[in-house]
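Chemist: Given chain P, work out where chain Z should sit, using these hints.
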Amino acid sequence: MQKTAYRNLLSTLFLAVLCYVPVAWSASHQASTPQVQAELVSSTKQVVAGEIVNLGISLKIIPHWHTYWQNPGDSGTVTTIDWQFSQPSQVSEIFWPIPSRFRLGPIVNYGYENVVTLPVKVKVSPDAKVGESFKATAIVDWLVCKEECIPQQVTLTLDLPVVSAANITKDVHGNTLIEESLAKQPQEIPFEDNLKQVNLEKTNDGMVLHIPDSSLTSEQIQDVWFYPYEWGKIAQSIEQTKTVNADGITLALKHGDAPLSPHESLEGVLVVKEKRGDEVTERGYLIHPKLVIPQSLSGNATSDTKSVNQGSDLGFATALLLALIGGVILNLMPCVFPVLSIKALSLVSHAQHSQREILWQGIVYTLGVLASFAFLAGLLIALKAGGAQIGWGFQFQSPLFVVAVAYLMFAVGLSLSGVFTIGGSVTGLGSNLADKPGYAGSFFTGVLATIVATPCTAPFMAAALGYALTQPALKLIFIFLSLGFGLALPYLLLTAWPALHRKLPRPGLWMERTKQVFAFPMYLAAVWLVWVLAQQSGVNGVAIALGGMVLIAFAAWIYDSTRYVSFKAQIAANAGVTILLLSTLLISYTYLDDVAVVDTKSTVKSDVNNHWEAYSSQRLEQLLAEGKPVFLNFTAAWCISCLVNERVALSQPEVVAEFEKNNVTYLKGDWTNKDTQITNVLTTFGRSGVPLYVFYPTGKGAKPVELPQILTPSIVLDAIQSSL
Amino acid sequence: MQFKQLIATGLITATFAFVSTSVFADPVVDQPAPAFTGTTADGGKLSLDSLRGKTVVLEWTNNECPFVKKHYESGNIPQLQKDAADKDISWIQIISSAPGKQGHVDGATALKLNDTRGAKPAYVVLDEDGKIGKLYGAQTTPHIYVIDAKGVLVYKGGIDNIPTAKKEDLAKATNYVRETWIALADGKKVPHPSTKPYGCSIKYPT
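The listed protein sequences derive, respectively, from chains P and Z.
Quick note on my numbering: the first sequence kicks off at 1 and runs consecutively.
Quick note on my numbering: the second sequence kicks off at 725 and runs consecutively.
This is chain Z alone, in the form it adopts within the complex:
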């Protein structure tokens, strides 16, 4: 029933045109990921377009959030970042906390924090005005987005399926990032393309 999908697509495109006028311009899975250019922790610029051809992971973070701590102190996210580097996947850590709010750090501190936590993301983007966060409709820390080599958003949601701040839950959790990577590598459909994000709210400027 390819036909139906085509028909549906038309109607849905119209729907999205509508939705995008609302508060959140939520990016949609299977659609091109919204383009952005951000300031990196080392003072450079990073545009999403420059990473075309590689799988990209966006990770919203806030080093003081207990949910983020769960994934860093347990070594879960650092390991994912290391695996990403091995697979030539670009991992972008994004900090959208506004100045004066929890998790807001300057570039040097952000890099130092990663050092002490053994974290090795490919890039750290500082988004203190929350523009990139709002562009992606990011709500929580952590909140994960995976973009494929063609620039299409293939996953958005939680890092795994157990929404707690307890480290002991990691062992039984299904890690959606790994699951997405495996599906992409096998050329298969991403099993859970959109899941419930969980964690602390992002401390956007008010």
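With the rest of the complex left out, here is chain P:
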């Protein structure tokens, strides 16, 4: 089993190094410097054409001196071997045995002391003829250090006769050295439980590496150290705080000068030193987990760690300010605009009222918005506390919520169309100065505005909310309130500023007409929501929703046509209306599952004509492992800006052509329904909702590029071209 593992490793490690050296070279297989005795060894005394032979450079180092590992640590240099063969042959990279570490004051180095053999696998040229001599030449460069360092170079050669496979004999000395070194190769962790894996989580000041395997741990563990392959991923010289218990090993690592980006893997070797009986053994394990940013830290997930110096209080103040601006911008969003238009209309009707009255309307509307945002914040806090994986717009992932909002939009539309009027409250028409329903109307317009605003995550909001979600409860509430205040602000200003609303036109029949016109955006909104629902609950869901709307229309008609009948008849009618509405809700509730029944992926099913594929984490990992470029789009049917971006940017011929030209795989993930996988990815990018656009350039470990939430073809093209 070990053999096959090597063979696999070997096939990936082989380099096409084809060299030819004239045989007129005389040197020995041994060479010495005052500090190091070097020897070129082989596992066999002969070689066979086309077969693999293990060669190695064995270094015997005088006490207190050391040479270096593939990552030398804070100072030092890696040992290099330049191989040349008399018959062109392929040679692997060095199979580095597990290193030790040396601390010199504040500096930590990774390397070897006393004796080390650096083995390679050589595939002997198939053209080598039996009877010929196969000469291997190794120019070995190393730096040997105690406290001072000396760079040294030796040239070693070894002649091995080419024989047929039957005549090969083992070289006991060389084979022992090479086998000892190969036995010290790091291995994959032999998890007893296949589902377990090493994980790496970002913390405030570094990372926590957790190896959940109890077989690794014992009371005899003397030392655990993680040796990274690359500089800068961790602070190499800082002590790694270890916890060893029944759950496995946990190491606290500090960030280095080139910290990992989200999703990037931390690669290296974990060395566990333990005492068994009188013997101290060392085992090395290959470590390659991807960096996960926990939700509590996602706010700084995509941050550049080299930003300017600012206080964290400013971060909060700025978040508040930006939430406010985000809220103001929300007024222009397609989902909110119809609601806002109702308010504008009501303001005109209020123009005849006293300034005080109008201001109160504005304040009550603001309170309605704020109360809704406070409620949402509370809900989020509660869900977060419950450990749910949620994100912004999450409420739209529930078909019940979607249908309820569709009904609401439809009912508001009916009211605007004049099918019925609820005491004139919705638009405030006909209300007198002290009309309570007028205030209630304002309050609930505020609530409505909030409900329909949520799926439009404006760019400002996404960042503010991503930040908010990482904050303690109190700060989160303040950010939400700030956002709500921003949403209410334009209307509040209108009501507070007599000069502004005096400029509004005088009331008249045009108001009735305008009101009726505004009914149509509401119907459209309802249609859109039914479309969203269709993707969540299928054809039956649509039937229920449309049936429910008919019932609502019927109830509205009864309500309005009985307004002027006798009091008793009115009571009966109202009871009928109530029953109708309740049954609508009940039917919807009974027949619509709260969990979407339709496979969400149906909306983003790949088909031949599409230039994209459905997202799956496996597919993404596979593509990234191959170093292929990927464009990632996380969308949802209820996210309008997502749909707009897809239409105006991502489906444009020039973008599609650019994807094709550069072999970019376009992966589309649908967050219309709850999807923890996608929520996790959003979190690693510090987002709480869709849309999210990420471009992974060509090449393994290339840094992903995040695109803005409003796309144009040129933004996408620039992102692709600039990272080529």
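Rather than coming from a laboratory, the hints here were simulated on the basis of the structure.
Fair warning: there could be bad hints in the mix.
[Said to hold, decoys possible] Simulated crosslink set (SDA-like; lysine to any residue; CA at most 20 Å straight-line):
| id | chain 1 | residue 1 | chain 2 | residue 2 |
| --- | --- | --- | --- | --- |
| 1 | P | 242 | P | 291 |
| 2 | Z | 890 | P | 78 |
| 3 | Z | 825 | P | 150 |
| 4 | Z | 855 | P | 104 |
| 5 | Z | 913 | P | 722 |
| 6 | Z | 858 | P | 105 |
| 7 | P | 242 | P | 101 |
| 8 | Z | 825 | P | 103 |
| 9 | Z | 896 | P | 78 |
| 10 | P | 628 | P | 613 |
| 11 | Z | 891 | P | 78 |
| 12 | Z | 793 | Z | 899 |
Modeler: Chain Z in isolation, oriented as in the chain P frame:
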């Protein structure tokens, strides 16, 4: 997404507050470079603040280190120092080797060494207690830091991208010091603000 950066900044500042309590008070690129006052080889005092308005290069050195020898014997660092002087950039050579350790020299020897090597740094600072070295988290000789005219650290790391002690590698190497100077002169972003330092370990007092 300026907003994000602001948010990030807050969190990161907190992070740094944390990190700075650990062994190394590593200076951070894009942050003000830590202030220091050191003794110069000619017996004077030099404070970093007095050089405000000029680009400053800090070079940790140890004349016996093979990596340092590579860059001095090949003329690479002397040429950089000469170019620095021409561009009105202050080049400060810092020796942090502790007494009795490799590379420790007195002021007169340090100046003489530079003379014989054709090296012309603007200043030579003797840091035998390793305070400045540790303040900057200097690990190797050579280890380079570049500070801009506003006193902000803009580069830290290796002198170039080929970490060997071989002179023949200089021709193919990307010199990060020059690259940083060019970016500063053009008002552009430094292409590689933080790179892997390489060389001998600094012989700090133990």
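Chemist: It remains to establish, for every hint, whether it holds in the given structure.
Modeler: Right, here's what the structure says about each hint:
no., hint, in the structure
1, P/242 with P/291, "holds, 18 Å"
2, Z/890 with P/78, "holds, 13 Å"
3, Z/825 with P/150, "holds, 15 Å"
4, Z/855 with P/104, "holds, 16 Å"
5, Z/913 with P/722, "holds, 16 Å"
6, Z/858 with P/105, "holds, 10 Å"
7, P/242 with P/101, "holds, 16 Å"
8, Z/825 with P/103, "holds, 16 Å"
9, Z/896 with P/78, "holds, 18 Å"
10, P/628 with P/613, "holds, 14 Å"
11, Z/891 with P/78, "holds, 17 Å"
12, Z/793 with Z/899, "holds, 16 Å"
Figure legend: structure checked against the earlier numbered hints; every hint is met.
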